[in-house]
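**Q** Here the structure of chain V is known, so what remains is to put chain W in place on it, guided by the hints.
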Amino acid sequence: MTAYAYFPGCSAHGTAKEYDRSTQSVCAKLGIELEEIPDWVCCGASPAHAVNHLLSLALVAKNLDLSPSDTIVTGCAACYNRFKTAIHALQHDRPLWEQVKQIVQPTKLNGRDFRVFHLLEVIHEFGLEGVKERVTKPLKGLKVACYYGCLLVRPPKVMAFDDPDNPKKMDELIAAVGAEPVEWEFKTECCGAFHAVPHPEIVLRLTSNILRAAKDAGADVVSVACPMCQINLDLRQLDIQKRHKVTFNMPVLYFTQLLGLALGISEGELGFDRLIIDPRPILREKGLV
Amino acid sequence: MKQATEREQLTRTDELPIVLTEEARKFTEEVIRRSGERVDWCYQCGKCTAGCPVAFAMDIEPSRIMRLVQLGQGERVLKSKAIWLCVGCQTCTTRCPQEIDPAKVMDTLREMALEKEFAADKEVVTFFRSFLDNIQRYGRVFEPTLVLQYNLRSGHLLQDADKGPLMLFKGKLPLRPSRNGAIVRKIFDALGGRRQ
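Top to bottom, those sequences are chains V and W. Take any residue in the first sequence, count from 1 to its spot, add 22: that is its number in the working numbering. Take any residue in the second sequence, count from 1 to its spot, add 2: that is its number in the working numbering.
In isolation and in its complexed conformation, chain V is listed as follows (with noise of 0.2 Å):
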């Protein structure tokens, strides 16, 4: 199988690092490679494009010209959204192209056809089989929430990623590892992303109604595919408490946690005590810690 190019995204080298060592850790698991690209910089997420559209596709150009490989993937659902947009525009587009490339002054762009992939999708592309043929835990009894966001699944045009209404493939592959998916409403609205910082009262209201499905709908934990919307379920939890006097008490995992807890792969490198809501307990009371 040849290497895929890993952007891990600047989260992974801080509020996320669990993310990052348990993707590395499951593909390693999984025999997937992934190769970092070099010098890789910041995508430029939401501020680029909401102020400088010639900035955002730069700064995607950027990454692509310095990636070792034409088959790219990354863990977070914002840098895949950015990545797949910029692709869709500089390919629709010959003059904006034009004008990129005046800016970046790519030199090794040419001909080249990238693919983007978010990690779920290679996984997920793995094989489900594959994926349960090397579980040495299941999950069994634990129910676990499994939440998409917006930028994995919108624009569907865009990024064709799964049903953009109800998105299936991280439910199935948690349900690979023995654990049970619960049915709820809640997949793909927002948890206010950026808006943690200008305006927290929104994105406590939003991430509010989102862990109230999640618990109403049984689940144990809330599975994640994406950094920004871990920090905004998870560490918000403490802002709810403190401001609106509910405690949910929800711990939120990256999906690869979770599967590599299924996978054998040990407690430590998979990071559980890096998570502010600790999933130990929970996990301790099924059996699976």
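Hints listed in this document are in silico derivations from the structure and should not be mistaken for laboratory results. Errors might be hidden in some of the hints.
[To be verified] The list that follows gives simulated cross-link-like pairs (lysine-lysine, DSS-like), each with its CA atoms no further than 25 Å apart: (1) W:Lys172 - V:Lys264; (2) W:Lys49 - W:Lys83; (3) W:Lys118 - V:Lys130; (4) V:Lys123 - W:Lys188; (5) V:Lys179 - V:Lys51; (6) V:Lys267 - W:Lys188.
Treat the numbers as computed from the prediction; the structure is a model and nothing was measured.
**A** Below, chain W without anything else, positioned relative to chain V:
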């Protein structure tokens, strides 16, 4: 020439009942040209507003922004808080029956607002500026100085001050920034050094 039928009379478009001033028309045209989106196709079904997760906090809801753009009400649109509250979740873009991309229109409106130095939502503008400065400096986001800079510039000095030690304890804060700032600065320079 054949007499126009009643229906043809009713659907004539050469003299629309809404007459835009030259200035209003220029605004509408500029938004359509720059965003590449046919805002004039919007027929006010309201789906974008109904699905918008932040409409509750907006001064002017997305569907009304679209209508105001059609009517060339540049100043009202560019001075609204709504264009800064749009979080880019793409729900409207996914659902618009006219296949307009309102989230893209919002991007264009923010660009135009900044060019006119309108920044109706100080917090969001300050955050975006701090973020872009941060990646120009380091190449990748370095959370500790990003939060610090935002707090200093916005005047919300103690916001999330309680989170710092916890995040540090949890190993969720990077200790050293990336050194790829030069790569990003080159791109900003090529864009004319516009820091936005």
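**Q** For this structure, which hints from the list above don't hold up?
**A** 3, 5, 6
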